[in-house]
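Asks: This is what each chain is made of:
2 protein chains.
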Amino acid sequence: MSATLIDGKTVAAGLRAEVAARVTAFHAKTGRRPGLTVVLVGSDPASEVYVRNKGIQTREAGMRSDEIKLPETTTQAELLAVVQTLNADAAVDGILVQMPLPGQIDTQAIIAAIDPAKDVDGLHPVNAGRLAQGIDALVPCTPLGCMILLDKAGVAVAGANALVIGRSILVGRPVASLLLAANATVTVAHSKSRDLPALCGQADIVIAAVGRPEMVRGEWLKPGAAVIDVGINRVPKEDGKTRLVGDVHFASAVETAGVITPVPGGVGPMTIACLLQNTLTAACFRDGIDPKSL
Amino acid sequence: MSATLIDGKTVAAGLRAEVAARVTAFHAKTGRRPGLTVVLVGSDPASEVYVRNKGIQTREAGMRSDEIKLPETTTQAELLAVVQTLNADAAVDGILVQMPLPGQIDTQAIIAAIDPAKDVDGLHPVNAGRLAQGIDALVPCTPLGCMILLDKAGVAVAGANALVIGRSILVGRPVASLLLAANATVTVAHSKSRDLPALCGQADIVIAAVGRPEMVRGEWLKPGAAVIDVGINRVPKEDGKTRLVGDVHFASAVETAGVITPVPGGVGPMTIACLLQNTLTAACFRDGIDPKSL
Numbered sequence: 001m002s003a004t005l006i007d008g009k010t011v012a013a014g015l016r017a018e019v020a021a022r023v024t025a026f027h028a029k030t031g032r033r034p035g036l037t038v039v040l041v042g043s044d045p046a047s048e049v050y051v052r053n054k055g056i057q058t059r060e061a062g063m064r065s066d067e068i069k070l071p072e073t074t075t076q077a078e079l080l081a082v083v084q085t086l087n088a089d090a091a092v093d094g095i096l097v098q099m100p101l102p103g104q105i106d107t108q109a110i111i112a113a114i115d116p117a118k119d120v121d122g123l124h125p126v127n128a129g130r131l132a133q134g135i136d137a138l139v140p141c142t143p144l145g146c147m148i149l150l151d152k153a154g155v156a157v158a159g160a161n162a163l164v165i166g167r168s169i170l171v172g173r174p175v176a177s178l179l180l181a182a183n184a185t186v187t188v189a190h191s192k193s194r195d196l197p198a199l200c201g202q203a204d205i206v207i208a209a210v211g212r213p214e215m216v217r218g219e220w221l222k223p224g225a226a227v228i229d230v231g232i233n234r235v236p237k238e239d240g241k242t243r244l245v246g247d248v249h250f251a252s253a254v255e256t257a258g259v260i261t262p263v264p265g266g267v268g269p270m271t272i273a274c275l276l277q278n279t280l281t282a283a284c285f286r287d288g289i290d291p292k293s294l
Numbered sequence: 001m002s003a004t005l006i007d008g009k010t011v012a013a014g015l016r017a018e019v020a021a022r023v024t025a026f027h028a029k030t031g032r033r034p035g036l037t038v039v040l041v042g043s044d045p046a047s048e049v050y051v052r053n054k055g056i057q058t059r060e061a062g063m064r065s066d067e068i069k070l071p072e073t074t075t076q077a078e079l080l081a082v083v084q085t086l087n088a089d090a091a092v093d094g095i096l097v098q099m100p101l102p103g104q105i106d107t108q109a110i111i112a113a114i115d116p117a118k119d120v121d122g123l124h125p126v127n128a129g130r131l132a133q134g135i136d137a138l139v140p141c142t143p144l145g146c147m148i149l150l151d152k153a154g155v156a157v158a159g160a161n162a163l164v165i166g167r168s169i170l171v172g173r174p175v176a177s178l179l180l181a182a183n184a185t186v187t188v189a190h191s192k193s194r195d196l197p198a199l200c201g202q203a204d205i206v207i208a209a210v211g212r213p214e215m216v217r218g219e220w221l222k223p224g225a226a227v228i229d230v231g232i233n234r235v236p237k238e239d240g241k242t243r244l245v246g247d248v249h250f251a252s253a254v255e256t257a258g259v260i261t262p263v264p265g266g267v268g269p270m271t272i273a274c275l276l277q278n279t280l281t282a283a284c285f286r287d288g289i290d291p292k293s294l
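Protein sequences appear in the order of chains L and P. FYI, UniProt numbering numbers position 138 of the first sequence as 138, with every residue one higher than the one before it. FYI, UniProt numbering numbers position 155 of the second sequence as 155, with every residue one higher than the one before it.
Since the hints were made in silico from the structure, they are not lab data. A portion of the hints provided could be inaccurate.
Identical chains blur together in the list; that is why a pair holds if it fits in one copy or across any two.
In silico DMTMM-like pairs for lysine to aspartate or glutamate, Cα to Cα no more than 20 Å straight-line [as the list claims (entries may be wrong)]:
{"hint": "1", "residue 1": "K29", "residue 2": "D287"}
{"hint": "2", "residue 1": "K69", "residue 2": "E48"}
{"hint": "3", "residue 1": "K237", "residue 2": "E214"}
{"hint": "4", "residue 1": "K192", "residue 2": "D151"}
{"hint": "5", "residue 1": "K241", "residue 2": "E18"}
{"hint": "6", "residue 1": "K69", "residue 2": "D106"}
{"hint": "7", "residue 1": "K152", "residue 2": "E18"}
Since this is a predicted model, take the numbers as computed values, not measurements.
With the rest of the complex left out, here is chain L (with noise of 0.2 Å):
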């Protein structure tokens, strides 16, 4: 047996194409366009790349792209700042600011400060809050698009048992959230649980996003399994150089699973696609607008 591949590269196309319709919609009904501004400190190059995509898929889909680059010396009062000013600009309905940041500034203080309104990574703890009381939030893309592969690929969440590895603020916990919303048994194990073999062979959903390469070994699923691979960890080949691999032992997992995402072409790319879903409601609630009618 083996397992049908979640495409997570085509799933993330048609998400794109789906916003960019409903954003010509926004405009229709609105004149202006959903825009989105990203924040980059410092000159980490994968950072740049990722800022530079972004900027891209935005603009592909129909909203305003702006990026604001500064200094890796830039203090925490110049970005809290810089925040504010954006907070304040009628025309920005979404804040990125990239991570990580440099040293002497205090992410979780920055992160407190970006408007809940216009948080479109979904980090503030009133976002996190909201999404933990089951109330509309701007709910972080990662494990947005967790749920919307699971969708896509025909899972039925509602009643199964979920098993969510891995407790991160960006990832296990805000998923946690949504498969419990959606219905699902949810379980959260982490470092110290024990027995992780035992959890994985009961749950009809894994989620495996703890950051530690080929972890989750095939033997250990549940025949039939629905599988999402969230890491993404570089390690070296034999012949010197380096691939990505999941949290998923891949090869193995492949044969009992039942549908299963790839490292790379899985999670990855959903990420920046639901972002721009992200702006785009942002944008439709601060003008007032059920986000489901366009």
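Following the hints, put chain P in place on chain L, whose structure we already have.
Replies: Chain P alone, transformed into the frame defined by chain L:
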């Protein structure tokens, strides 16, 4: 085999005494006493009893206690104005708006209007989010009481498999966050969950907070499990009177569990004691004092 009972009355009395001692230390340090203001709208008899008890216990702990009683016909705008006055009053550390509120009032809007720093019920989305993100927060009283009971009963939470039955904003979701923060492997089950008996059978800790009389049966439990029963259900007796039962079938559970809370006399008495603790915690945060230093 018969489980050890966890005596909530005794634990709550101990906690109240501990809070009173820390209030004395707070007063010595700051020259002021923490203050709790309870707002009661209408004249529901059960709420009136509860508010009166809160007042008595607050004063016994050495704190300032105020009650604001408003008529059943109070409008949303009037209640919001009261909340805003209390937000602005420097002597008020804790604001508790007694639930349930009359139908003309939007409960969620009232909760969102309370200064999160004074939200001693822990229901504001900011506190829910901070709890979900593992940041210092004001935590709802009943979940806090459950954790204290587990601690006082000597239950090892780290690494344990904990099952939370029920996913309410008041109990299920926050207690799941607290258990996760204490390094349990946490499963949240609810009305859509399949095979609750099997889930119970794997749990070292069961928190029943579902509101269904005697639903959880002793035969379901893992021998030696710690059982915290949050349910308070009034059921008819044969003589036409009523009695209080929990969500756990006590007579069978006591045979299998290792430790168990009775109903009444288990979680119930903890709620006000935890409210007092939250008021002191709020006062400490507001004055920049580490609550653990008292």
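Asks: State for each hint whether it applies.
Replies: For each hint, the structure was consulted:
1. With identical chains, the CA atoms of K29 and D287 are at most 20 Å apart within one copy only, with a shortest distance of 10 Å there and 49 Å across copies.
2. Within a single copy, K69 and E48 get their C-alpha atoms as close as 10 Å, which meets the 20 Å cut-off; across copies the closest is 58 Å, which misses it.
3. For a Cα distance limit of 20 Å, the shortest separation of K237 from E214 inside one copy, 14 Å, qualifies, whereas the shortest one across copies, 57 Å, does not.
4. Taking identical chains as interchangeable, the C-alpha atoms of K192 and D151 lie at most 20 Å apart only when they sit on different chains, with a minimum of 18 Å there against 30 Å within one chain.
5. For the identical chains of this complex, K241 and E18 are neighbours neither inside a copy (38 Å) nor across copies (60 Å), given an alpha-carbon limit of 20 Å.
6. In this homomeric assembly, K69 and D106 come within 20 Å of each other (Cα to Cα) only inside a single copy, at 18 Å, whereas the closest approach across copies is 43 Å.
7. In this assembly of identical chains, the alpha carbons of K152 and E18 lie at most 20 Å apart only when taken from the same copy (14 Å versus 54 Å across copies).
Of the numbered hints given earlier, the model fails hint 5 alone.
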